[in-house]
Amino acid sequence: MIFFIMQQTMFFFIPLLIVALGGMFSERSGIVNIALEGIMVMGAFTSILFISTFQHMMPGQTTLLLGLLIAMATGVFVACFHAYACINLNANQTISGIAINIFAPAFAIYTARIVGQTQQVFFAPQMFLISSVPILGEIPIIGPSFFQGAYITTYIGIGVLVVSWFVLYKTRFGLRLRSCGEHPQAADSVGINVYRIRWAAVLISGALAGMGGLVLIVPTSIAFNATVSGYGFLAIAVLIFGQWKPLRIILAAFFFGLMQAITASHTVIGFLRDIAIPAHFYHMTPYIATLVLLAFTSKRSAAPRALGQPYEKGLR
Amino acid sequence: MNTFKAGFSDFLASGAAVLAGLFVGLIVLFFTNASQAIPAFLTILTSGFSSLRNFGDVLYFATPIIMTGLSVGFAYKTGLFNIGATGQFTFGAFAAIYVGVEFQFLPPAIRIITALVAAMLCGALWAAIPGLLKAYRNVHEVISCIMSNYIGMFLVNWLILNTIFDPFRAQTAVVPASSNMPRWGMNYIFTDGIIASSVNSGIIVALAAAVIIHIVLNKTKFGFELKAAGFNKDAAKYAGIAQNRNIVLSMMISGALAGLGGALLYLSGAGISMNVANVLAAEGFTGISVAFLALGSPIGIIFTGMLIAYLHLGGFTMQLFGFVPEIIEIVISVIIYFSAFSLLMKIYLTRLAKKRAKEKEEVV
Chain A
-15 MIFFIMQQTM FFFIPLLIVA LGGMFSERSG IVNIALEGIM VMGAFTSILF ISTFQHMMPG
45 QTTLLLGLLI AMATGVFVAC FHAYACINLN ANQTISGIAI NIFAPAFAIY TARIVGQTQQ
105 VFFAPQMFLI SSVPILGEIP IIGPSFFQGA YITTYIGIGV LVVSWFVLYK TRFGLRLRSC
165 GEHPQAADSV GINVYRIRWA AVLISGALAG MGGLVLIVPT SIAFNATVSG YGFLAIAVLI
225 FGQWKPLRII LAAFFFGLMQ AITASHTVIG FLRDIAIPAH FYHMTPYIAT LVLLAFTSKR
285 SAAPRALGQP YEKGLR
Chain B
442 MNTFKAGFSD FLASGAAVLA GLFVGLIVLF FTNASQAIPA FLTILTSGFS SLRNFGDVLY
502 FATPIIMTGL SVGFAYKTGL FNIGATGQFT FGAFAAIYVG VEFQFLPPAI RIITALVAAM
562 LCGALWAAIP GLLKAYRNVH EVISCIMSNY IGMFLVNWLI LNTIFDPFRA QTAVVPASSN
622 MPRWGMNYIF TDGIIASSVN SGIIVALAAA VIIHIVLNKT KFGFELKAAG FNKDAAKYAG
682 IAQNRNIVLS MMISGALAGL GGALLYLSGA GISMNVANVL AAEGFTGISV AFLALGSPIG
742 IIFTGMLIAY LHLGGFTMQL FGFVPEIIEI VISVIIYFSA FSLLMKIYLT RLAKKRAKEK
802 EEVV
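Note that the protein sequences, when read in sequence, are chains A and B.
Reminder that position 28 of the first sequence reads as 12 in the working numbering, one-by-one numbering, no gaps.
All you need for the working numbering is the position in the second sequence, starting with 1, plus 441.
Just chain A, with the same shape it has in the complex:
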């Protein structure tokens, strides 16, 4: 039972983690990215369209990996619009993001209906399921929790986490990126190209959000219906809840993932079924818990100082 919940948790935890890390790159460089939801939709849409077309011609894992690349490329493409508006044109970052969030599902429905007559794009996710990872799946406790009934996307998500942490804190690029989010004028004064760093950050966030869209859809459904059910917004919540720091984002994403898993499977958990609380209250729990936790932890917010402010060269 515990193993089942752990598997379920991973399905929600990993996409939230990936997308929240994507948001982290953008926001640590000073650009608000409320477009994560829309970018997830676009990434999931193009890649699932690809998967549903080609999955019977290629081995499962190859298709999925190619799908991930396509999702990332799509995310980068969509993020270009956000980056150009926010960085080069000093546009209102929230409005630009909202535009993308409106555009994405409309585009997905429109294209799906042109291509296949219906709004939904069906695919066969069972091809991608790894029933048990060789050797690792045999380990007691850890094996059934993490290495059985899993998707390759789970391990990619962990990889993204490690790389993100490393890039942000252990590379020159990461240091420059953080400085652009705290004090872009100071960064500029020591020769950092704020525009270029912010572009890179927004594009990374697009790639990760696009990938997150596919990673969310593959284990949890059999068709893509032009929505990621608000997970992009949840990822923003995870990001803020995680105080814009990768290690805290893990905890926040795991908490949300666990809550979603309990919600999704409370009818099969013995003692929860016996209490017979209406399902609606399980659905509310993660959101209420977030509010309560935020109420106690937000007094000192660690938001990047220049978040949301357009950078103008020459402005003091």
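In case anyone wonders, no lab produced these hints; they're calculated from the structure.
Quick reminder that beta carbons are idealized off the backbone N, C-alpha and C, glycines included.
Nothing false has been slipped in among the hints.
So the derived list for chain B, only partly shown, Cβ under 7 Å to chain A, looks like this:
no., residue
1, Asn579
2, Val580
3, Ile584
4, Phe595
5, Ile729
6, Phe733
7, Val765
8, Glu767
Based on the hints, put chain B in the right spot on chain A.
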């Protein structure tokens, strides 16, 4: 004179965004089916004015989104981003339907007013949560609003199932005709001779709300204090403005407007009911578009609300030519994307105007 000029350049900037959006829409139409693109595009442009009934429908569609637009716009003017309008809207809608269905012991006029007041109260109370969290616990309103949207959606679904649920239609119970907003003869004006539009006195309420919010924001000390706190909270605090109280009040007023929007939609007498589905109400998000397109100006919101409604009606009619109505959403998203640059366009226009004025001076 200056405010007029500023208003005019705002209008030009928004107008340019609208043209850009329509242009992209035209391209998409051509890309889909070139032979039908022109008639479909003309339908989008004209269907809202093609009959009095259609124009009435534009007003009918505009009513709730003007209200949610005012909600977002008011909060925006006071420095808050109320992304929670959808939850407040849903709560208002539930309260209004509940009063409309269950309070039949009240005479109709009093019942309707009670329903509207209940909707505003519920919207205000739901918005008070992010307001209080922002003011006293420093929780960013965007995240608490996102959370409260989902909590509100599940809570209202549960409330509906346990109170005013009609199991045969799997929706909320039918609101009796006497609980609906009066038509005030509009069904005789806005008709194509056979079918009357669903427009009702709700649009008058929405217009009045816009004017009241305009006056409160621009002509009263209270509005000035709210705006000052949004513009520069440290300066406002230094000037002795009770900032925390103002944040909560701003959110509550904003929530009341969204809640009223919910009431006006579901008491419209158009025969629509609330579904019990895990979907956030779209009106709240459309309100964000409406508000930002008008740069938060209450009077501007009347026009942008009608514009979005007009486009939606056009998209609906356009289906006759075999096009997917989502094309309109694409058009709207492009309009909003370009309106994000409106600041840039405004600066450009102002520079142009200054240059012209200078040239004139030189000639003189």
